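Number of protein chains: 2
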Amino acid sequence: MNIVFKALNDQTRRKILDLLKEKDMSAGEIADQFDFSRATISHNLELLQHADLVSIVKKGQFIIYSINTTVLNEISKWIVELIDNKNENKKLS
Amino acid sequence: MNIVFKALNDQTRRKILDLLKEKDMSAGEIADQFDFSRATISHNLELLQHADLVSIVKKGQFIIYSINTTVLNEISKWIVELIDNKNENKKLS
DNA sequence: TCTATATTTAGACAAATATCTAAATATGTT
DNA sequence: AACATATTTAGATATTTGTCTAAATATAGA
Numbered sequence: 000m001n002i003v004f005k006a007l008n009d010q011t012r013r014k015i016l017d018l019l020k021e022k023d024m025s026a027g028e029i030a031d032q033f034d035f036s037r038a039t040i041s042h043n044l045e046l047l048q049h050a051d052l053v054s055i056v057k058k059g060q061f062i063i064y065s066i067n068t069t070v071l072n073e074i075s076k077w078i079v080e081l082i083d084n085k086n087e088n089k090k091l092s
Numbered sequence: 000m001n002i003v004f005k006a007l008n009d010q011t012r013r014k015i016l017d018l019l020k021e022k023d024m025s026a027g028e029i030a031d032q033f034d035f036s037r038a039t040i041s042h043n044l045e046l047l048q049h050a051d052l053v054s055i056v057k058k059g060q061f062i063i064y065s066i067n068t069t070v071l072n073e074i075s076k077w078i079v080e081l082i083d084n085k086n087e088n089k090k091l092s
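In order, the protein sequences belong to chains A and B.
Using numbering that gives the first Met the number 0, you'd call the opening residue of the first sequence number 0 and step up by one each time.
Using numbering that gives the first Met the number 0, you'd call the opening residue of the second sequence number 0 and step up by one each time.
Source of the hints: derived by calculation from the structure; they are not laboratory data.
Treat the hints with care, as some may be off.
For identical chains, the list gives no copy identity; a pair is met inside one copy or between any two copies.
[Said to hold, decoys possible] No more than 30 Å apart at the CA atoms, straight line, and that leaves these computed lysine-lysine pairs for DSS-like: (1) K57 <-> K14; (2) K14 <-> K76; (3) K89 <-> K76; (4) K90 <-> K22.
Bear in mind that the values here come from a model prediction, so they are computed numbers and not experimental data.
Throw the hints in and build the complete structure from the sequences for me.
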């Protein structure tokens, strides 16, 4: 979970995920949405990929990024367990 | 969301939340579960509090920490939207 | 009031992070 | 082959972060 929360701990990378939830995009298309250098966006994409939050497919010169929901489901589960368990214990007291 | 993800981006702080989901605990009880100094745990508790992930009640000399689920619900919602929106768009293609 | 316990605050420091520019790699086009 | 486009890699740097020790604050009890 470490690398996932590390990857999520950045506004730019979270915004990239918000873009990718709408549609798959190339690195360039993604970079166009930001004022950072392409190298910076590329680096952020690498961190997302390393955390398994996105996956890639090569299409000619382009590299197409898309959201990978598997790890997001795990994180969601962890958070919901925090919430639910807390609520359970509240009932008892 | 920035300070929330920042607070969640640390194994120690996530473990503190895992402890607190079971029951409310004093700063000392929490610190006893770790090998770090009390000052370090206190600092981590401050970050959790600043992110509104925990709330406190003073009980004599003790300060009792408990999970605050409000922000967790927001985070959960954001993540589930990433997952759901992605799945919606997959159907279309 | 003095002492013990609980917790936080202050200041320091090494490690990690986000960004940049410049260079390298890969693919497509003429 | 030469050139253009897409993307990543390398190296540098300023900032942020997690931890520590020592000191300060707050409350309880004798």
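Hints, verified against the model:
Taking CA atoms no more than 30 Å apart as the test, K57 paired with K14 passes inside one copy only; the shortest distance there is 22 Å, against 39 Å between copies. Taking identical chains as interchangeable, the C-alpha atoms of K14 and K76 lie at most 30 Å apart whether they share a chain (22 Å) or sit on different chains (15 Å). In this homomeric assembly, K89 and K76 come within 30 Å of each other (Cα to Cα) both inside a single copy, at 20 Å, and across copies, at 22 Å. Taking the shortest Cα distances, K90 and K22 sit within 30 Å of each other only across copies (12 Å), while inside one copy they are farther apart (42 Å).
In terms of the numbered hints stated before, the structure departs from none.
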